[in-house]
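Student: Sequence:
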Amino acid sequence: MYQVKKLNLVHLKNIINKRTNRYMKSKTPVETVSKYYTALGERNIEMIMNLIPETLDWYVPGNETIAPWLGHRKTYSQVREFFELLWQSTEPVSASIDNIAIEGNVVLSSGNFETHMLKTGKNFKSIFFTQITVVDGMIVKYILLEDTLGLVKALEH
Numbered sequence: 001m002y003q004v005k006k007l008n009l010v011h012l013k014n015i016i017n018k019r020t021n022r023y024m025k026s027k028t029p030v031e032t033v034s035k036y037y038t039a040l041g042e043r044n045i046e047m048i049m050n051l052i053p054e055t056l057d058w059y060v061p062g063n064e065t066i067a068p069w070l071g072h073r074k075t076y077s078q079v080r081e082f083f084e085l086l087w088q089s090t091e092p093v094s095a096s097i098d099n100i101a102i103e104g105n106v107v108l109s110s111g112n113f114e115t116h117m118l119k120t121g122k123n124f125k126s127i128f129f130t131q132i133t134v135v136d137g138m139i140v141k142y143i144l145l146e147d148t149l150g151l152v153k154a155l156e157h
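Position 24 of the sequence shown, counted from 1, bears residue number 24 in my numbering, the numbering being contiguous throughout.
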């Protein structure tokens with residue numbers, strides 16, 4: 001199992017803390033996103049779902065016919081299904097978060113990952129970008145952009 005590079009997140013949080021003390025006083029969006037990425041790296045669905053409210057806006061664009069975990073999701077149970085479908089179809093190889101930017105309660109992150117596709121035996125490598133909006137420690141909006149053409153090719157026989 002892969003580990004998300006936590007060092008980058010810690011380093012970025014330290015930079016943020018030096019710039020403003022308000023991030024040190026209470027639970028922050030970047031702390032929530034850090035918990036999410038840690039749980040994602042561990043494939044800990046319960047920890048992830050503790051960050052998901054009953055209703056939200058979750059979007060990972062792409063070909064839903066080929067990759068059924070993609071698309072829009074609006075509820076807690078739909079997001080849970082997203083992870084169940086994703087994890088039934090893939091095996092993580094590696095991932096890193098290279099950059100994080102914060103504007104209010106929105107956390108933007110970029111990085112790269114590699115995933116083994118169980119259906120085809122092919123590996124899929126991609127850069128990614130996320131936009132995660134956090135309210136009261138919960139992820140209320142999630143957008144993930146990745147190389148969707150590369151994903152389709154990795155899932156083709």
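Derived from the structure by calculation, the hints contain no laboratory data. Please note that the accuracy of each hint is not assured.
[What the hints assert, rightly or not] Under the rule of at most 25 Å between Cα atoms (straight-line distance), these lysine to any residue pairs were calculated in the SDA-like manner:
| id | residue 1 | residue 2 |
| --- | --- | --- |
| 1 | K122 | L145 |
| 2 | K74 | K122 |
| 3 | K74 | D98 |
| 4 | K35 | A101 |
[As the list claims (entries may be wrong)] Derived Cβ-Cβ restraints for the label pairs, each shown as a range:
| id | residue 1 | residue 2 | range |
| --- | --- | --- | --- |
| 5 | H72 | V106 | 27 to 37 Å |
| 6 | K27 | V152 | 16 to 26 Å |
| 7 | E31 | G121 | 31 to 41 Å |
| 8 | H72 | M49 | 28 to 38 Å |
| 9 | K153 | K27 | 38 to 48 Å |
Where a beta carbon is used, it is the ideal one built from N, C-alpha and C, also for glycine.
Student: Tell me the hint numbers this structure goes against, listed in increasing order.
Tutor: Hint check: 2, 3, 5, 6, 8 fail, others pass.
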